[in-house]
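Visitor: Here are the chains, one letter per residue:
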Amino acid sequence: MGNVIEVENLRKEFKAYSSRSGLMGAFRDLFTRNYKIIQAVHDISFTVNQGEMVGYIGENGAGKSTTIKMLTGILTPTAGKVSVNGMNPHKEREAFVRTIGVVFGQRSQLWWDIAVQESFRLLKKVYRVSDSDYKEHMEHVIETLDIGPLLDKPVRKLSLGQRMRCELAAALIHNPPLLFLDEPTIGLDVLVKLKIREFLKEINQKYNTTILLTTHDISDIEALCDRVIMLDEGKIIYDGSLQRLKENWGEGKQIQFTFSQEITSAELHPLTAAWGVKWSRGEQDNSWIAHVPKAHVSEIISCIVNHYEIQDLNLYEISTEEIIRNIYEEGVAHG
Amino acid sequence: MFYLSVFFQYMAQYIKTKLQYRTDLLVEFFSDLMSQAVNLIFILVVFGHTDLLHGWTRDEMIFIYGFFLVPFALFGAFFNIWDFNERYIVRGELDRVLTRPVHSLFQIILERMELESLLGAVTGFIIMGYAGSRLDLDFHWYDVPIFLLFVIGGMFIYAGVFIALATISFWSDARSSIMPMMYNISNYGRYPIDIYNRVIRYILTWVLPFAFVGVYPSAYFLGKKEWYVYSFLTPVMGVAFFVLALLLWNAGIKRYRGAGN
Chain D
1 MGNVIEVENL
11 RKEFKAYSSR
21 SGLMGAFRDL
31 FTRNYKIIQA
41 VHDISFTVNQ
51 GEMVGYIGEN
61 GAGKSTTIKM
71 LTGILTPTAG
81 KVSVNGMNPH
91 KEREAFVRTI
101 GVVFGQRSQL
111 WWDIAVQESF
121 RLLKKVYRVS
131 DSDYKEHMEH
141 VIETLDIGPL
151 LDKPVRKLSL
161 GQRMRCELAA
171 ALIHNPPLLF
181 LDEPTIGLDV
191 LVKLKIREFL
201 KEINQKYNTT
211 ILLTTHDISD
221 IEALCDRVIM
231 LDEGKIIYDG
241 SLQRLKENWG
251 EGKQIQFTFS
261 QEITSAELHP
271 LTAAWGVKWS
281 RGEQDNSWIA
291 HVPKAHVSEI
301 ISCIVNHYEI
311 QDLNLYEIST
321 EEIIRNIYEE
331 GVAHG
Chain B
1 MFYLSVFFQY
11 MAQYIKTKLQ
21 YRTDLLVEFF
31 SDLMSQAVNL
41 IFILVVFGHT
51 DLLHGWTRDE
61 MIFIYGFFLV
71 PFALFGAFFN
81 IWDFNERYIV
91 RGELDRVLTR
101 PVHSLFQIIL
111 ERMELESLLG
121 AVTGFIIMGY
131 AGSRLDLDFH
141 WYDVPIFLLF
151 VIGGMFIYAG
161 VFIALATISF
171 WSDARSSIMP
181 MMYNISNYGR
191 YPIDIYNRVI
201 RYILTWVLPF
211 AFVGVYPSAY
221 FLGKKEWYVY
231 SFLTPVMGVA
241 FFVLALLLWN
251 AGIKRYRGAG
261 N
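Those protein sequences? They're chains D and B, same order as listed. Residues 1 to 335 (the UniProt record's numbering) are what the first sequence spells out, left to right. Residues 1 to 261 (the UniProt record's numbering) are what the second sequence spells out, left to right.
Just to be clear, a hint being listed does not mean it is correct.
[Stated by the list, open to error] Now the in silico label distances, taken between C-beta atoms and shown as ranges:
{"id": "1", "chain 1": "B", "residue 1": "118", "chain 2": "D", "residue 2": "31", "range": "44 to 54 Å"}
{"id": "2", "chain 1": "D", "residue 1": "94", "chain 2": "B", "residue 2": "171", "range": "29 to 39 Å"}
{"id": "3", "chain 1": "B", "residue 1": "31", "chain 2": "D", "residue 2": "113", "range": "15 to 25 Å"}
{"id": "4", "chain 1": "B", "residue 1": "28", "chain 2": "D", "residue 2": "329", "range": "37 to 47 Å"}
[Unchecked claim] Pairs of lysine to any residue residues, derived as SDA-like cross-links and limited to a Cα-Cα distance of at most 20 Å, are as follows:
{"id": "5", "chain 1": "D", "residue 1": "125", "chain 2": "B", "residue 2": "172"}
{"id": "6", "chain 1": "D", "residue 1": "36", "chain 2": "B", "residue 2": "97"}
{"id": "7", "chain 1": "D", "residue 1": "153", "chain 2": "D", "residue 2": "91"}
{"id": "8", "chain 1": "D", "residue 1": "157", "chain 2": "D", "residue 2": "175"}
{"id": "9", "chain 1": "D", "residue 1": "135", "chain 2": "D", "residue 2": "123"}
{"id": "10", "chain 1": "D", "residue 1": "124", "chain 2": "B", "residue 2": "97"}
{"id": "11", "chain 1": "D", "residue 1": "91", "chain 2": "B", "residue 2": "5"}
{"id": "12", "chain 1": "D", "residue 1": "124", "chain 2": "B", "residue 2": "146"}
For the record, the hints were derived by calculation from the structure and aren't laboratory data. Cβ coordinates follow ideal geometry from the N, Cα and C atoms, glycine included.
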């Protein structure tokens, strides 16, 4: 169980040029240009073990794609150490990329004009996969992803969901021990998403494939990843299990009461102040939401029900998405 | 060896794609043929008015043009990267190229292959045949390998210059109009070099060595002994410029910034 990815104080800076205003400004830009140095990725360190499935999350512009591009050898880091599969990605690019698979959700890896199977054939050649390896491995992949009927169609005639499944198969032609997925489920419908998740789980179990994925869809992470790395403004703000994230941040529940008559917060507060409940107004008329510590749920409900007449009552768990939103609003995660 | 087999795989794929669009292929073939015919007529008209230019006869000049068309056709077929900035940098296609275990420039050349440009070489041979027969040129068996050597050298000079230009995109994100300008300059190489003044002659020989694509190698076949040294420098210059461009490319690729999502 060696470390597949080792990253130490990795940094990527970009120069962002800004132009001065007006004609004179344009002339001055000819000689000296204003620029700011932007730290897209700021001294991050982490390691990933063989067989792990890691979710790499962050808002737009947090540095996710930049990190992935450095890990896959596309970009050269400004400073720091990267070692992936025991190699330096950008220094030994050609040998290195034969050991990884990459899917960019927003960019096709396949040739637009030719049939899917022809793309596969070219990639098989490029990755020097033998006929027997290809047959043994890909037959299974094609069957599991259910793309057999699509193989003789040109890529431009496929729907997004069909294309995405083909992209995934294409990334696996050389059966890489490490897979990078940059937003693999973007824009896909639920059924395709489920199929892709099932498939990823399966290859992870079967080949012990390490998977690093970025996504905006937290349900992908919940379904697949034991571990999340959370990024904000180029820095890692959380690295640990999804479970721990939930325990530390998702404590307590929300109870929504819908009362039969109008109630003010002044009436509710004194009743529950002892348990440290916070009240906020709900979306419907006469509804109030109590933010409650887990241990006291039943006491609070009985207390409210004893005092006021209730029409409806709902109990919510705090969702992962909400936890993550809270973390971004408050900054660094504790724990 | 591996690169050669990848090359043939891509070529087979290219032909297969082209064959799928049969009518397109036919139309393209005829329009290419037409444009070559227009080229041919143009040459005959232009050179019809000049008999002797700095000691070069009309037929000699036509021969130079005919020769020039062959390396130029090869260049057009395999180094068609004038839209590199637009396609690979701005649209971020280079990301995909860089995740594959083949040299990035080689992949781009394969993807941009345009074999129909090879038709230009046929026109070149016709012109050379026409001019050569009027000039009563001697022909030896060893002229064939020398011809190949010069043609490939010329192609690499062209490729070197245009690849070097493409690498500018790695350092500057501004789109430049330098490519069309360079196509214009490259045309000067197909006229006798001694009609130009010294500065231009120097530039066309050592800086943008387009003279090595047309006039210098042709001088060998025309039996102009005073130019032989330059003729045989053609493959040397070709290799030198191509290697230089390759080094620039490898340095540039490290500076690639990627396109945002």
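Visitor: Against each hint, give a clear statement of whether it holds in the structure.
Guide: Verification of the hints:
1. B:118 <-> D:31: 44 to 54 Å: 46 Å, holds
2. D:94 <-> B:171: 29 to 39 Å: 23 Å, violated
3. B:31 <-> D:113: 15 to 25 Å: At 20 Å between Cβs, range holds.
4. B:28 <-> D:329: 37 to 47 Å: 58 Å, violated
5. D:125 <-> B:172: 34 Å, violated
6. D:36 <-> B:97: With Cα atoms ~29 Å apart, residue 36 (chain D) and residue 97 (chain B) exceed 20 Å; violated.
7. D:153 <-> D:91: 37 Å, violated
8. D:157 <-> D:175: 26 Å, violated
9. D:135 <-> D:123: 14 Å, holds
10. D:124 <-> B:97: With a Cα-Cα distance of about 15 Å, the restraint between residue 124 (chain D) and residue 97 (chain B) holds, given a limit of 20 Å.
11. D:91 <-> B:5: 25 Å, violated
12. D:124 <-> B:146: 38 Å, violated
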